[in-house]
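Asks: Here's the letter readout for the chains.
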Amino acid sequence: MATEISVKKLRFYWGIYALVLIPLALVLLFNYYPIFNGFIHIFYQWDGDAVEEFTGLENLKNVLTDIQVWKSFLVVSIFVVSNLFKMIIPITAAVVLHHVINNRANYVYRVMFVIPMVIPSMVGLLLWKYFYEPNQGILNGILRSLGVISDTDTILWLSDKMLTIPSLVFAGFPYVGAFGVLIYLAGLQNIPEEVYEAARVDGASPLRIFFSIELPLIMTQVRINLILMIIQTIQGWQNVYLYVGDSGGPDGVATVPGLLIFREAFRHGLFGYGCAIGFLIFLITLLLTFINNKFVRTEK
Amino acid sequence: MKYKTKQKICEFWKHLFLWSVFFFTFMPLYLMLNISLKDNEQFARNPWFPEAPFHWENYVVGWQHIGDKIFNTTFVAFTTVVLSLGIAVLGAFFFARYKMPGSKFLFAVFMVLMMYPGVANMVPVFKLITSLGLYNSHWALILSGVAAGQAMAIYVLRNFIEDIPKDLFDAVEIDGGRVWHQIWHIVIPMSMPIIGTLAILKIIGSWNNFVGPLLYIRDANRQMLSVALLYMDGEYTKQWGELMAGYTIASLPLIVLFLFCMRLFVKGLTAGAVKG
Amino acid sequence: MKEKNTDNNRRKKIISALGGILALTFYIISCFVVAHNNSVAGSKNKKSPESAAKTITIAHWQLEDGFREGIDYAIKEFEKLKAEQGERVKVIQNAIPSRGYSQWYITQLISGNPADVIELTPSPEIQSRYFMPLSEHIVKPNPFNKGTPCEKIAWKDTFTDGMDGALNPIFAEYFGAGIFRHCQRVYVNLDLLKAATGSEKTPETLEEWIECCKKIEEYGQKINKPLIPIGVRGIGKTTVGMFFSRYFAQTNNHYNDTLSLFGDARIPNLEMFSAFGEGKLDIDRMLAPVEMMHEIGKYFSEGFTTTDSQQTKFLFFTGNVCFFPEGTWDAWSMVNNTPFKVKIIPMPSISPTGKYKNIYSGRIYENAFGVSGKFGITKASRHPELALEFLQFLTSWKINQKTMMEFCKWPAVVINTEYTGFLEAMKPEIGDSKSSLQCPFFFNEKSRMKALESIERIITEQPENAKVTFAKDVVKNVPILKDEFENVSSDYERQLFDMEGNRTTIACNILRSDLSDAARKNQNIRALIAIENTIARELERRRTIAAYNSMDKIKEQLEDYISNNEESVE
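In the order they appear, the protein sequences are chains A, B and C.
Numbering (our numbering) for the first sequence: 1 to 300.
Numbering (our numbering) for the second sequence: 1001 to 1276.
Numbering (our numbering) for the third sequence: 2001 to 2570.
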């Protein structure tokens, strides 16, 4: 219902452009300029400061042949797949909560789901880091009191090459901290009663109801969450940094692309190389978005 | 009768499932509170259950570590939100109310950003911040936070404003109100729920932001909460009680904020969720 | 019904309003706190630079007990001293955890707005680019040493190592001054030792140590408890490297005398490789430390290669470890946090009369190294003179002792200090050799790690012939060494190229007619320093190439040794 302003009427309304100027300026400065700046610096060996040496395609060549880079994408795809599975519990919890008959309990439960959302994510991550702590952490403590390992033994959850990635994947159980549960719940609440009546009359089992009715109808939310999750996981590196530091764990086994950029640029001083890796991430994200748009139909 | 018992059993399983989920979700928080009142010796002996004497002084030490960081974080978060939404409303109003020549192109400029991975910009934005002389200043975080949120906020707000009946705007315009009046008296009151939701999301996002403060803030007394917690964890001799007390203190502000805004937030979430 | 609803609604509105007011007040308080912090920091105070106090920041990563308190004390004293002289100064201490330090270090140096006095990391290029050279200051006495025995001594010589540790060899310049020293000691659980061996006598030689460890293992089996004789922090291979370098020095230090070129009892690191290539070194003797590690390593903790210091400390505190070799930086926390008696002893060395008496070369001289905690002054600092004064203050005779030895119980860096009471065990060993010796089996980080990995394997797998196994691994690593030499020499080439440009600039400057006398004198000094730097670097470059060329001959000699000794089983 926007008012159409044609070019002719422009001279009366040109002031309106001022409205969009401020956000535009900000976005151009803080988003577009760095994008182009970063792209240009792919072709330089840059130490972040004054030393800039034009090296042409060397950075790109190194990125494509560096096995670290490809390993990091492998690691991040492991995380994406595991995050996919991690979506199951919030969806289930939302469905179960939706079907709880007692209204008061329902309200109490909804409040209880909100609380973990408000705890700063740092606290959550650091608490899980404490879980995995080899000597005094909770996990090893439980195992010791159960007798699974002896008193002087420790399982190095985050320092053992084989255990690092599984530990990172498992952390955050049961994964109901983010917005997932409440958004799915909102979607479920929109399902009209008649649909349930009809299904019950047809004698459908609860499982059938879930798969044939509920799941398709909350598909929009699931899809949105899925896309957001994939984009965030590909870019995300804060939790890996928090758990195992910028070396990415023993032998850098848990390095993800974002962590690689951080390490190469801010620790080793290879800013141009960092820009090149960033560009690679951009290309892959572009590819995924393209696939998403072409093959996955979204309903508004 | 049979149906009733069957229902009761079903109910029982549902409650059981939800309570087990809650058990695992809240266990870390329970442990955090529990350990925050112990000293290192009590903790080594028995981290599971509360044990007298309770060491309330852990909270004093925890506050010393992160107390003023809370003020820093509050300042940055609130300023970011106010500026970000204020500016985004202007932009959204521009797109929703008028279709100026070039609107489509400008809108695409914003939308393209939604899909650009922010992490690829880590290096150039850092360089930009230092060139602007904003290093070690809170404005580095505020401005980059404001810029980062524009695309999403403008998109959501535009959808919302488009739904406001045009007659309301025309009425104000006829009364002689220019653009500013239209925004102030119509747009903002009517989009309160969605603004509220966006605000809370942005506050939580800014509160949790950790890479920005890590890179842009040099001094310890200007540091944000997230990085301060990380530093506390990096202490040489870990005082677990004080550490956990610090975590607890760090969680409180948002919880308190939430208690007041919960209804607003949930309502806004639902509205937003429905709109897709 | 309706009334209840409106009541409810009103209540909700009041709650929301309260919430809003609370949030607003909190925000206003935050603004004030932030503004206050900003003014205290005093950065970018464009309005009144004179009235505001001059503020400098000191940053480091030492979070150990007592260090920050010591620096706080030094800050208070410094501010007091300056106030008496009529200047208002403020010093802020910024402690960054070691985990994030290297990234914090780079970002703030690049930003152009760094702290003023910063703890240095080893990278020489960063040091020379961002930090003030100190050579002109260190040849003069430290002004804060007035009234102390060090009053007339050049600042450089008030350090126990003569600031050798602070020398940036590539640029032949000093960019920082250390403020504490560390050496390795062994922490002994006396109660456990007494229970296992019947006496509290701590071992002084390697042979005695092995005896003690055997007894501890037997005792552990007797009481059915998994006791660990020597707890080792494996991560980073520091402890293993430390053991190895000690034993290597004690068996081979005589080369410093026999091979020194200028009679100064030291042989440059790279010359060791050339000497090795020419066959001047005794391979069997150089491999002796490997055998010693092989023996003592039997008593290291299980899986030590991946344990970190927290874990080993934990095991020590719970009484499961008898000997814990660690640096003196942990001394205070080790002695204080344990329920049993702890004694600090120097690392048992090879005895001159024992099994290895034929290859014993002398004890090491600890004063020659160990100075760390080097703090430099950033070029971009706004108050460089003040920062320099603070650094001098920190390293002055009285203050350094007070902050390091009293507050965090660490050895001080200044000469003529007394080590009493708790610190007596940290007195540096006075040995025969004046400097450390480069082991010719590794050079830079990569080859060093590979060599230490090999030693770790020898310890954990306990092969029959340790020396031959190690020699084989060194032969495998020869390509890595050659690579490293190549990289280093091309680095030097690049630097020499830069230095040429620098010297040319200085030469042109000297020829300018508009220079004052003082400025020309300065340029002349710079020219001399530039020439010295260039010569030093060219020498290093040639030595590196010589080392590279020796590698093939070294490989031959090692292979000879292997084939000669493979059959003999120890």
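A couple of the hints might just be wrong.
Stated by the list, open to error - The calculated DMTMM-like cross-link candidates involving lysine to aspartate or glutamate, where the alpha carbons are at most 25 angstroms apart (straight line), are:
no.	chain 1	residue 1	chain 2	residue 2
1	C	Lys2355	C	Asp2282
2	B	Lys1238	C	Asp2308
3	C	Lys2446	A	Glu193
4	C	Lys2398	C	Glu2125
Calculated from the structure, these hints are not laboratory results.
Bear in mind that the values here come from a model prediction, so they are computed numbers and not experimental data.
Asks: Hint by hint, note whether the structure agrees.
Replies: Hints, verified against the model:
| no. | hint | in the structure |
| --- | --- | --- |
| 1 | C:Lys2355 with C:Asp2282 | holds (18 angstroms) |
| 2 | B:Lys1238 with C:Asp2308 | holds (14 angstroms) |
| 3 | C:Lys2446 with A:Glu193 | violated (69 angstroms) |
| 4 | C:Lys2398 with C:Glu2125 | violated (33 angstroms) |
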